[in-house]
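Note that the protein sequences, when read in sequence, are chains X and B. If you're matching positions, the first sequence starts at 19 in the numbering used here and goes up one per residue. If you're matching positions, the second sequence starts at 896 in the numbering used here and goes up one per residue.
These are calculated hints, taken from the structure and not from any lab test. Treat the hints with caution; some may be incorrect.
[To be verified] Below, simulated DSS-like cross-link-like pairs (lysine-lysine); rule was C-alpha separation at most 27 Å, straight line:
#, chain 1, residue 1, chain 2, residue 2
1, X, Lys176, X, Lys53
2, B, Lys988, B, Lys934
3, X, Lys242, X, Lys26
4, X, Lys176, B, Lys1024
5, X, Lys31, X, Lys222
6, X, Lys53, B, Lys934
[Claimed, not checked] Label-pair restraints from in silico Cβ distances:
#, chain 1, residue 1, chain 2, residue 2, range
7, B, Gln1069, X, Glu27, 27 to 37 Å
8, B, Asn1066, X, Phe50, 13 to 23 Å
9, X, Thr285, B, Asp936, 27 to 37 Å
Given the structure is predicted, the values throughout are model-derived calculations rather than measurements. We put the beta carbon where it would ideally sit given N, CA and C, even for glycine.
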Amino acid sequence: MLSYRSVKELVDKAEVEGVRLADVILADQAEFLGKPQAELWQEMERRLEVMEQSVERGLSEVHRSVSGLVGGDARLLQEAISKGKLLGGQVLDGALLRAVAVAEVNAGMGRIVAAPTAGSAGILPALLFTAAEKLNSRQEEMVSALFTASGIGMVIAKIAGVSGAAGGCQAECGSAAGMAAAAVVEMAGGTPEQAGHACAIALKNVLGLVCDPVAGLVEVPCVKRNAGGAANALVAIDLALAGVKSVIPVDEVIEAMYQIGQSLPATLKETAQGGLAVTATGRRLARELAGQYRERPS
Amino acid sequence: MNIFDILGPVMIGPSSSHTAGACRIGLIARIMLGEPVVKADIYLHGSFAETYRGHGTDRAIVGGLMGFSPWDERIRQALEIAGREGLEVNIHKANLGDVHPNTAKINVIGPTGKTLSLVASSIGGGNIKVINLAGFDVDFNGQFHTLVIPHLDRPGAVGAVTKLLADKGINIAQMRVAREHRGSQAMMIIETDEAVDQAVVVELKTIPNLVSVTLVEPV
């Protein structure tokens, strides 16, 4: 467990000691796990490597899901970017591309790092590697950013939870965006306080977002919600770096996310009984998949 | 929960419950069988039963039965690999009763004819809970060093085991004893903080009234 119960406690500690959130979180977890900091650092380096491989895989191969519902969108984005057809610019387009790439690797049964969940695994690596490219960040700064992201994620998990089944997509893609926003703000030289605001802004933008996967699979709309989450994180990063503050403190936003998750009906929490899953097309796809599966021998 | 739970697990997609947890359920079954699996009947309940094809839950469980880790990229091809290696797999949809929506019952047979039956739930984030073993209600998560000891329900059996562990400096984190009825067969599940080495397992086996002693390392 993290011994800090709120983002504010983390930020205060970092500000008082004049260190990064990452340093506070690393020290805390080393003590909690009873292991040297170097060991945790190495494990985090390994996770960064797996993340990087998942980005590379998603960019270099087309990953189709078992159902065939998703796959190939990263390729489309890549081609459009190389032809200069898109409007977003290098950072936004790069983040969208990487988020979709990793989400497709996940849907296609490739190897990823859940961050914080498998369904939202594209957002954090997308922001991290895109920002690192822009900022010329060293590997060490990226590992550090992962500690920031995970500390923020632990607070969110403790207060609100990070599963779609319990809190809807706000808890998955929202948390991932909040973690990524805080981590990248710090990597870009922002203060711990700004990192907290970035997390708050990202979460606020998707409060109430439901989890309504077609046929119950982590595919539609999950791959595109990773792209949306990446864009959302970028919005939060830029606002926070510019000095924009969240009027509602980040811990209260997280509490609101929890309350909203509680209020959401079960039909909108990963059960595939509401939202996009029960649209005419959602139902048709689910029926077709069920039929397709019956025809195949088990 | 620690940082590597929130930034992790490192796993094969698409869902920590439906692939990572499912794979760990398969792995536990293989470890408990103690020999390669030649035939597996897999009963899927709830969400597992409804979405297993699209999520690759069947592939993840079968991968686990072949000893693949949750991050092993061969999981995607697990059914084909099982076919090539002569592992017979039968997938069944089943109602396993009032259990977690992501629950599977696995019956496996090894080359020597040894069998094992377990029921386990994938409870989120790749974590699992074994809830039934060989017909006994149990409760362990595979994250500790776990001793599984079917034994005869006789005075002193539990005490002899815990005393031996204490003498070896092994601390018990959790322990549960279940039995069919008084004096019949019973089951001890002991989760320890410290690693239990094979020499201790061998020594445990000399204790009277124990049917067998299986050590399950964290998976």
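Status of the hints after comparison with the structure:
As the CA atoms of Lys176(X) and Lys53(X) are separated by approximately 22 Å, the hinted pair is consistent with the 27 Å bound. With a C-alpha separation of about 17 Å, the suggested pair Lys988(B) and Lys934(B) falls inside the 27 Å cut-off, and the hint holds. A threshold of 27 Å between alpha carbons decides the hint, and for Lys242(X) with Lys26(X) the separation of about 31 Å lies outside it, so the pair is violated. A hinted pair counts as satisfied when its Cα atoms are at most 27 Å apart, and Lys176(X) with Lys1024(B) qualifies at roughly 21 Å.
For the hint linking Lys31(X) to Lys222(X), the alpha-carbon distance of about 24 Å falls within 27 Å, and the restraint holds. Among the hinted pairs, Lys53(X) with Lys934(B) is inconsistent with the structure: their alpha-carbon atoms are about 41 Å apart, more than 27 Å. Against the hinted window of 27 to 37 Å, the Cβ-Cβ separation of Gln1069(B) and Glu27(X) comes to about 31 Å, which satisfies the hint. One distance hint, 13 to 23 Å for the beta-carbon pair Asn1066(B) and Phe50(X), holds here, with the actual separation near 18 Å.
As the Cβ distance of Thr285(X) to Asp936(B) is approximately 33 Å, the hint placing it in 27 to 37 Å holds.
Consistency with the previously given hints fails for numbers 3, 6, ordered from lowest to highest.
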